[in-house]
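Protein chains: 2
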Amino acid sequence: MARTRFMLDEDQIPRDWYNIAADLPVAPPPVLHPGTGQPIGPGDLAPLFPMELIKQVVSQDREIEIPEPVRDAYRLYRPSPLYRARRLEQALDTPAHIYYKYEGNSPSGSHKPNTALAQAYYMKAEGVTRMATETGAGQWGSALAFAGAMFGLDVQVYMVRASYDQKPYRRILMETYGAQVVPSPSTDTEVGRRTLAEAPGHTGSLGLAISEAIEDTVTHPGTKYSLGSVFDFVLLHQTVIGQESIVQMEMAGEEPDVIIGCAGGGSNFAGLTFPWLGRTFRGGRKYRVIAAEPEAAPSLTRGVYTYDFGDTAMMTPLIKMHTLGHGFIPEPIHAGGLRYHGMSPLVSLLKENGDIEAQAIHQRSSFAAGVQFARAEGILPAPEPTHAIRVAVDEALAAKAAGEPRVILFNLCGHGNFDLAAYEKYLDGSLEDYEYPAEAVKEALAGLPAR
Amino acid sequence: MARTRFMLDEDQIPRDWYNIAADLPVAPPPVLHPGTGQPIGPGDLAPLFPMELIKQVVSQDREIEIPEPVRDAYRLYRPSPLYRARRLEQALDTPAHIYYKYEGNSPSGSHKPNTALAQAYYMKAEGVTRMATETGAGQWGSALAFAGAMFGLDVQVYMVRASYDQKPYRRILMETYGAQVVPSPSTDTEVGRRTLAEAPGHTGSLGLAISEAIEDTVTHPGTKYSLGSVFDFVLLHQTVIGQESIVQMEMAGEEPDVIIGCAGGGSNFAGLTFPWLGRTFRGGRKYRVIAAEPEAAPSLTRGVYTYDFGDTAMMTPLIKMHTLGHGFIPEPIHAGGLRYHGMSPLVSLLKENGDIEAQAIHQRSSFAAGVQFARAEGILPAPEPTHAIRVAVDEALAAKAAGEPRVILFNLCGHGNFDLAAYEKYLDGSLEDYEYPAEAVKEALAGLPAR
Chain A
1 MARTRFMLDE
11 DQIPRDWYNI
21 AADLPVAPPP
31 VLHPGTGQPI
41 GPGDLAPLFP
51 MELIKQVVSQ
61 DREIEIPEPV
71 RDAYRLYRPS
81 PLYRARRLEQ
91 ALDTPAHIYY
101 KYEGNSPSGS
111 HKPNTALAQA
121 YYMKAEGVTR
131 MATETGAGQW
141 GSALAFAGAM
151 FGLDVQVYMV
161 RASYDQKPYR
171 RILMETYGAQ
181 VVPSPSTDTE
191 VGRRTLAEAP
201 GHTGSLGLAI
211 SEAIEDTVTH
221 PGTKYSLGSV
231 FDFVLLHQTV
241 IGQESIVQME
251 MAGEEPDVII
261 GCAGGGSNFA
271 GLTFPWLGRT
281 FRGGRKYRVI
291 AAEPEAAPSL
301 TRGVYTYDFG
311 DTAMMTPLIK
321 MHTLGHGFIP
331 EPIHAGGLRY
341 HGMSPLVSLL
351 KENGDIEAQA
361 IHQRSSFAAG
371 VQFARAEGIL
381 PAPEPTHAIR
391 VAVDEALAAK
401 AAGEPRVILF
411 NLCGHGNFDL
421 AAYEKYLDGS
431 LEDYEYPAEA
441 VKEALAGLPA
451 R
Chain B
1 MARTRFMLDE
11 DQIPRDWYNI
21 AADLPVAPPP
31 VLHPGTGQPI
41 GPGDLAPLFP
51 MELIKQVVSQ
61 DREIEIPEPV
71 RDAYRLYRPS
81 PLYRARRLEQ
91 ALDTPAHIYY
101 KYEGNSPSGS
111 HKPNTALAQA
121 YYMKAEGVTR
131 MATETGAGQW
141 GSALAFAGAM
151 FGLDVQVYMV
161 RASYDQKPYR
171 RILMETYGAQ
181 VVPSPSTDTE
191 VGRRTLAEAP
201 GHTGSLGLAI
211 SEAIEDTVTH
221 PGTKYSLGSV
231 FDFVLLHQTV
241 IGQESIVQME
251 MAGEEPDVII
261 GCAGGGSNFA
271 GLTFPWLGRT
281 FRGGRKYRVI
291 AAEPEAAPSL
301 TRGVYTYDFG
311 DTAMMTPLIK
321 MHTLGHGFIP
331 EPIHAGGLRY
341 HGMSPLVSLL
351 KENGDIEAQA
361 IHQRSSFAAG
371 VQFARAEGIL
381 PAPEPTHAIR
391 VAVDEALAAK
401 AAGEPRVILF
411 NLCGHGNFDL
421 AAYEKYLDGS
431 LEDYEYPAEA
441 VKEALAGLPA
451 R
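So the protein lines, in turn, are chains A and B. The working numbering applies: residue 1 is where the first sequence begins, and numbers increase by one. The working numbering applies: residue 1 is where the second sequence begins, and numbers increase by one.
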């Protein structure tokens with residue numbers, strides 16, 4: 001009988017993170033200082049991040065060693081399983097073979113601890129006592145709260161108001177780990193107070209919450225800033241996912257034709273796909289690599305590839321990426337982790353170079369795939385990876401229509417136990433289906449910094 | 001470095017369930033027909049259960065083969081991991097070694113699918129099209145809903161009203177798997193309507209919900225009754241937990257001195273401990289085996305060992321067990337799975353014979369242990385196993401006080417992602433702490449059937 005679950009032993013946790021910068025065919029554009037317009041140096045980032053993380057961003061080493069205390073914490077949930085979705089294949093009656101890497105068995109329920117634990121470790125090692133961060137759906141915030149508990153650091157979380165209201169359980173999970181959580185926009189920061197004065201009912205956005213967390217960081221001694229996506233070192237730490245998946249696909253005796261991840265800031269997408277892309281860049285075969293993003297915030301499929309701010313209040317450096325404009329506030333889709341105006345610069349560069357594709361998915365269509373998946377495979381997916389499931393199912397059906405085999409691999413980056421209010425809406429037919437917000441994007445793009 | 005997680009491969013899923021009846025030093029008392037007072041035969045159970053399950057109840061075979069389709073479904077989450085709780089040991093500064101078997105990575109988040117999948121398989125094989133059941137906290141109901149989806153059966157769930165109101169997410173999870181869920185007492189059954197007429201605000205109980213599910217079964221053709229605890233075949237199916245833990249403890253090179261499980265109806269407790277107890281009965285060493293139950297429903301520590309009904313409406317056969325009286329309605333503790341007036345007859349027999357111990361735990365004390373565990377180990381426990389954690393922590397502290405090593409093994413039978421409202425109450429200090437309800441129990445015991 002074909003295997004269902006491919007497990008690795010804890011001594012097979014990768015010893016290094018994979019740094020795609022070493023293999024990129026084109027060098028990434030520099031990050032620019034918003035005041036001078038010149039490339040930033042390590043000193044510009046030092047107020048925000050531990051020096052070891054800054055070094056990782058500029059490193060050209062292909063392999064960056066994972067510190068032993070981080071590997072030790074990874075043992076709590078890594079290596080994660082790779083599944084062959086045999087029951088989903090049967091339900092679809094497809095000749096395709098579908099595999100998924102499952103990150104939902106981590107304590108906080110997603111892939112996010114892979115970088116949260118690393119960031120907390122480096123903070124602790126450099127004498128930081130408190131971490132400030134933002135969170136959308138709460139998956140990142142609960143991962144950092146977990147990591148703070150593991151390494152003995154205080155954690156302050158600015159949680160996007162839309163999710164704070166929709167998902168109280170995520171907040172309580174963070175508090176159970178010992179973190180402080182406030183809704184963003186909050187009255188704790190200048191930018192939050194200013195926003196609330198202008199728009200008292202503001203539902204928040206990741207971009208705005210980032211601004212609050214950065215302001216908190218620079219105004220609180222002993223605090224540094226932690227973030228859950230977009231930035232190069234975050235993507236780096238997630239590459240344990242893809243590295244494990246390579247070993248596990250070898251166990252399965254197959255190689256993927258198509259590799260899929262959902263993409264908001266880009267971290268779980270990069271985590272699965274970068275190690276595979278690295279093989280291609282080093283002379284291996286080419287895979288179809290697809291980023292699945294929401295129709296409500298389709299930065300890769302509809303955004304402009306240009307320099308923009310990572311946050312709403314224009315406090316971050318300027319990064320070259322696919323963006324819908326830093327002033328763009330996505331509709332409150334339930335995939336809160338995908339509600340972001342931009343995309344990681346590394347993922348954007350790969351898209352620009354034609355190394356990856358992107359597809360935008362409607363909310364109802366993603367939930368339909370999520371319910372189909374749950375009924376076939378048992379696991380309830382988070383709303384974010386239902387976008388990847390949608391693309392995987394469509395690929396499997398395309399293989400069936402073409403009457404050809406196809407090996408599909410996607411990242412199931414988290415479970416949906418905290419998202420059942422959204423599933424209820426889907427089941428009772430009241431789930432909203434947002435169209436591409438062309439006018440709002442046009443307006444936001446008009447506000448881009450001149451270059 | 002000491003290992004953290006002991007994993008087995010999918011071909012190490014047990015091939016048989018372990019039937020403790022083959023090894024019991026004392027034969028279990030018969031189950032009696034409530035009308036005749038005579039031992040019941042297979043024919044009496046046939047309207048409720050598939051014949052293969054009835055055969056398992058009377059079998060004296062030590063090993064009962066797990067059908068291949070059930071083992072195949074187990075592959076979705078089994079074998080489950082065994083963890084060494086090194087971080088909890090450090091936090092407690094104890095010389096004890098603490099291990100836990102973790103069942104929370106199953107699709108529905110607890111050990112319950114181990115029997116749900118088996119029951120669904122046998123139903124399907126015997127032509128049943130619909131399963132009716134009760135659920136307390138919803139862990140059993142969501143497991144059966146999952147199993148129904150795996151084997152293509154309709155599922156009707158009577159959910160105890162207290163949990164239905166406290167835990168809407170569990171209901172939605174069941175509905176996502178395709179099940180029908182109604183609060184109990186409901187208007188769907190005669191016993192439900194009668195109860196609501198007498199007490200419109202009734203918060204329900206497991207005993208009452210059982211009565212509703214049984215009435216539903218006997219009044220709907222094609223339907224059979226499925227239950228998540230108490231009955232012998234349910235405990236049998238859970239023994240995959242303990243069998244795996246024996247192999248994993250061998251991997252760890254240790255043998256437990258103390259083995260702990262929380263006990264409501266007894267299924268997760270039995271699942272972990274029966275295979276270990278069987279070794280003792282076959283001439284091996286004796287382990288301290290402890291059942292952790294709630295102070296609000298302490299059947300093993302305060303109940304009477306006698307014949308009683310399994311349900312409130314006196315529709316089940318009479319079973320000899322530790323009971324607080326079938327009319328006893330426990331306070332609405334958040335460990336809904338432990339809100340039961342009785343205890344599995346097999347577990348009761350072992351307690352009566354001195355093969356196991358029992359401890360009753362207060363609600364706040366159990367949550368305190370749960371939060372301590374989450375901050376040390378990352379996993380958020382369900383309220384039920386926080387009772388086992390409390391006992392494990394106390395044992396580890398006792399070992400520290402005595403300055404002696406001790407190997408502790410407990411069953412972490414589910415995650416607490418659906419129980420965060422209870423954690424919030426614990427964190428803000430508003431969680432209730434119910435005392436032993438002496439008067440209510442006295443009254444309920446006065447209503448026991450005469451023998």
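Hints were generated in silico from the structure; no laboratory data involved. Wrong hints could be hidden among the right ones.
Some but not every residue of chain B turned toward chain A, in silico, with C-beta under 8 Å [unchecked claim]:
no.	residue
1	ARG3
2	GLU10
3	PRO67
4	ALA149
5	GLY152
6	ASP154
7	PRO332
Where a beta carbon is used, it is the ideal one built from N, C-alpha and C, also for glycine.
Review point. Once the shortest beta carbon distance from ARG3/B to chain A is found, is it less than 8 Å?
Key: holds, 6 Å
Point to revise | Evaluation of the interface hint that places GLY152/B against chain A, nearest CB under 8 Å | key: Violated, about 10 Å.
Point to revise | Proposed interface contact between PRO67/B and chain A, which counts if any beta carbon pair is under 8 Å | key: violated, 13 Å
Review point. Does the nearest C-beta of chain A fall within a distance shorter than 8 Å of the C-beta of ALA149/B?
Key: holds, 5 Å
**Study point:** Supplied contact hint for ASP154/B, tested at 8 Å Cβ to chain A
**Key:** With a closest approach of 13 Å, the ASP154/B hint is violated.
Point to revise | Satisfaction of the GLU10/B interface hint, Cβ to chain A closer than 8 Å | key: Because about 6 Å separates GLU10/B from the closest Cβ in chain A, which is inside the 8 Å limit, the hint holds.
Practice item. With a cut-off of 8 Å on the beta carbons, see whether PRO332/B makes it to chain A. Key: violated, 19 Å
Of the hints listed earlier, those the structure fails to meet are numbers 3, 5, 6, 7, in rising order.
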